[in-house]
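Here is how the chains run, residue by residue.
Number of protein chains: 2
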Amino acid sequence: MKTAFSRTLCALALGAGLSAGLVAQAQSLSAEDQIKFRKAGYSFMSWNMGKIKAQVIDGSVAFDPAQVEAAAQAIAGIANSGMGALFGPGTDQDAGEQRTRARPELFQNFPDVATLGNNMNRAADNLLEQAKTGDQAKIRAAFGELGQTCKACHDKYRAR
Amino acid sequence: MKTAFSRTLCALALGAGLSAGLVAQAQSLSAEDQIKFRKAGYSFMSWNMGKIKAQVIDGSVAFDPAQVEAAAQAIAGIANSGMGALFGPGTDQDAGEQRTRARPELFQNFPDVATLGNNMNRAADNLLEQAKTGDQAKIRAAFGELGQTCKACHDKYRAR
Chain A
1 MKTAFSRTLC
11 ALALGAGLSA
21 GLVAQAQSLS
31 AEDQIKFRKA
41 GYSFMSWNMG
51 KIKAQVIDGS
61 VAFDPAQVEA
71 AAQAIAGIAN
81 SGMGALFGPG
91 TDQDAGEQRT
101 RARPELFQNF
111 PDVATLGNNM
121 NRAADNLLEQ
131 AKTGDQAKIR
141 AAFGELGQTC
151 KACHDKYRAR
Chain B
1 MKTAFSRTLC
11 ALALGAGLSA
21 GLVAQAQSLS
31 AEDQIKFRKA
41 GYSFMSWNMG
51 KIKAQVIDGS
61 VAFDPAQVEA
71 AAQAIAGIAN
81 SGMGALFGPG
91 TDQDAGEQRT
101 RARPELFQNF
111 PDVATLGNNM
121 NRAADNLLEQ
131 AKTGDQAKIR
141 AAFGELGQTC
151 KACHDKYRAR
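Protein sequences, first through last, are from chains A and B. Position 103 of the first sequence, counting from 1, maps to 103 under the numbering used here, and the rest follow consecutively. Position 17 of the second sequence, counting from 1, maps to 17 under the numbering used here, and the rest follow consecutively.
Don't read these hints as lab results, they were simulated from the structure. There's no promise every hint is true.
It does not matter which identical chain is meant; a pair holds if it fits inside one copy or across any two.
As the list claims (entries may be wrong) - Here are the simulated DSSO-like pairs of lysine-lysine, each with C-alpha atoms no more than 27 Å apart in a straight line:
| # | residue 1 | residue 2 |
| --- | --- | --- |
| 1 | K132 | K156 |
| 2 | K53 | K156 |
| 3 | K39 | K151 |
| 4 | K53 | K39 |
| 5 | K151 | K132 |
I would like the entire structure built from these sequences, with the hints used as guidance.
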């Protein structure tokens, strides 16, 4: 059972561009810490998404290309850091003080999750690339595309 | 009082390379959310520091230059995202469900905190630069320097 789980975890990890070494290291983290760190990553990405949204979508904050680029850099850095390693055994349910909204289906469909994760990574890379141009229309389009990749995973695999 | 606080917040924000626009935007976040997001950022940095430590200090995980660079990229992206904006009014104490270990002294010494924050940002940039070389000795040195900048702030401004 554990071997089957390890295989599917490896499929996810490889899909997300990780090597077996990182998977092994992640497995030495407690389930509680894995949930804590993955929630932290998504949370910090959401803060930075909010900053970009305020500047290029809502217009509630004046557009500052350097701030938008810094926010996009944080998002891309987090997205590409190998978060697949934080969905190890035991993280499919609350652990210690950490609650998770990940649905059980996520852990039964790692290849699909890896595809969705890779879509997010590519969209985050593209947002950073467009942010560097300073062109608000391009940033707006890239931001919308990234938001769609977030939503695609949330709709399938995150509890409401 | 609020104006004085805003001035010191601006001093911090400017020291951290932020503009008044971002400060204004941060102030529209609740104290609870500011604490949540800053803790998320530091937490996600610590996960990535742990990965680099395992590979270049402890040797408990095989050295993988691409993984180390990805981790360094996440750290630098978070460090440079303008976290000074997450230390606004009301975040000097627990708020809602969020607890903070930031000591009151942090909020009374923003210029010093900004200096320490800038030191961290430069060290994070240097770690990324060295990670790109793939030279373990250089990465090890840069990692140690970054760790010192973390510790310098924790020793002064974080409760034990």
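Exercise. Hint by hint, which ones does the structure fall short of?
Worked result: 1
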